[in-house]
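> Here is how the chains run, residue by residue.
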Amino acid sequence: MKQIASFRDPSGFLFTRDGILYRQVNLEYQPHYDQLMVSGLYKTLVDKHMLIPHAEASVAPMEKSIEYKTLQPVRVPFISYPYEWSFSQYKDAALTTLAIEMLALEKGMTLKDASVYNIQFFEGRPVLIDTLSFEIYEEGAPWIAYRQFCQHFLGPLSLMALVDIRLQRLMRVYIDGIPLDLTSNLLPGKSHFNMGLELHIHRHAASQKKYAGKGDEVKVKEAKIGKMAFQGLIDNLQNTIKGLGWEPAGTEWADYYEITNYSKDAFDQKKNQVADFIIQVSPTSIWDLGANNGEFSRIGSGKGIFTVSSDIDPSAVEKNYLESRNNHEKDILPLVIDLTNPSPGIGWENAERDSFIERGPVDLAMALALIHHLAISNNLPLPKIAEFFQKICTWLIVEFVPKQDSQVQKLLSSRKDIFPDYTEEGLEKAMQAEFKMIRKEAIIGSERTLYLFRRK
Amino acid sequence: MYHFIELLAPLARAKAYLDPGSGSILLQLLIAAALGAAFAVKVYWKKIKGVFGKKEDAVEPDQPSTAEPEESESKK
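Going line by line, the protein sequences match chains A and B.
Okay, so the first sequence: first residue is 731 according to the numbering used here, each after it adds one.
Okay, so the second sequence: first residue is 3 according to the numbering used here, each after it adds one.
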């Protein structure tokens, strides 16, 4: 089956057969593919963990008449999108793209596109997954992907750093990146004093407006820039992006573990119990939902089980990512996911980027101290929550936080208690329709309970 | 617009499947010389420093996740 997300580029396409992902390289791309392999660029990038490795497969081509080669790339365990990344994940993805371009130029190639969707996190690092993004560099050629890079990377990062981290969500609206005139309008006046932003965003937007639909024929005919100038452009983009920063603080969860009233013993017991459940299930992958900074995700990822560690709070996810990066952790992928409004399918036919649910189901989901937020803060009836979990996982670990717990009391302090069913019995009854209860363990030293469920 | 792409095609990407955008190409023309000069100075300065035995980072950018862990702490 041909994958819809790879329809734009005529160089080749992705398809799956018998559950294996392949990438067909079309005949028209032959010289570029050969250059990638012969020049040593492929090896350099793979050695530096910047490009997804592949093997040339000897299988029947998907479209024989136009096929040059069929590749079998290493599969990324979970496809994530820029509107789900923390600030530093996004920034690292941008810097990786530029670093790849610099290395490509040294080997006589260039990136013909700079789509943020071509970057995925693999073994903890951002890597380029589109092997067909390169083409032979011709001396004098400008960077065709410049506009795309600014829309997909520089614009969103500058808005996140200088205006509001939540503006990242605009990437969910604009599949080809945030229009530069919009970024230019939203950035504060002081951004004009940042040379990189002034050139690559403000002047860029103005230039687009000036020449919209009327290429200046004389100038365009002379559109040549030397290689040093090309490298200067990339170098300046690198410096501009390195200069953008965001400090995680002040949001909902950033300090959660510091202020929670969990005693050390109860906390350790919860950890041991979760570890015990994970050993019992022995999953191939885990989604830890509402993971905060990933403390409990690391129980699974520490055992080499690939774990998506998601939270609604960009600060918590940023902390989580920085920790995973500093420790070179390979099996954890922190992501910003709002479960009450998870990523939808976007793009052509709503199918170019999958919704969060479509990227499942997963072997084991964990919802530790999460359900009270869904049920009480978001008024979701417990049966609805059970239905959601039934869609995304086979096994489920739930930590139930009862009403008398101070964390729930906090949620109820400013509102009427309209949740008579929010009890252990209420949860068990709601889950019964979709799941079988396998284990139920009290967390000693707290009023909380851990459950292990299996989908019916 | 099509007229413009035809003009651009022979000199740049005969096979460019992305529309690079006329405004984007022309801006590159405008700023390239200055950015190129700045880059040249940077490269040669590092070479000069190298001659005098000062250890410097290579100009070649490394993987950002290992090369710049402290970068996210600036501003705001």
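Hints listed in this document are in silico derivations from the structure and should not be mistaken for laboratory results.
It cannot be assumed that every hint is accurate.
Unchecked claim - To spell it out: a stretch of chain A is covered by chain B in this simulated footprint if at least three of its residues, at any positions, have a beta carbon under 8 Å from a beta carbon of chain B; those stretches are:
| hint | segment |
| --- | --- |
| 1 | 788-797 |
| 2 | 869-875 |
| 3 | 960-968 |
Said to hold, decoys possible - Residues from chain A that keep clear of chain B, each with C-beta distances beyond 12 Å, as calculated:
| hint | residue |
| --- | --- |
| 4 | S741 |
| 5 | K940 |
| 6 | K1001 |
| 7 | Q1003 |
| 8 | E1079 |
| 9 | E1082 |
Bear in mind the structure is a predicted one, so any value in this text is a computation, not a measurement.
All C-beta atoms, glycine included, are put in the ideal place defined by N, C-alpha and C.
> Each hint needs a verdict: does it hold in this structure or not?
A quick look at each hint next to the structure:
no. : hint    : result
1   : 788-797 : violated (count 0)
2   : 869-875 : holds (count 6)
3   : 960-968 : holds (count 7)
4   : S741    : violated, 8 Å
5   : K940    : violated, 6 Å
6   : K1001   : holds, 27 Å
7   : Q1003   : holds, 33 Å
8   : E1079   : holds, 20 Å
9   : E1082   : holds, 16 Å
Violation of the numbered hints given earlier is confined to hints 1, 4, 5; the remaining hints are satisfied by the structure.
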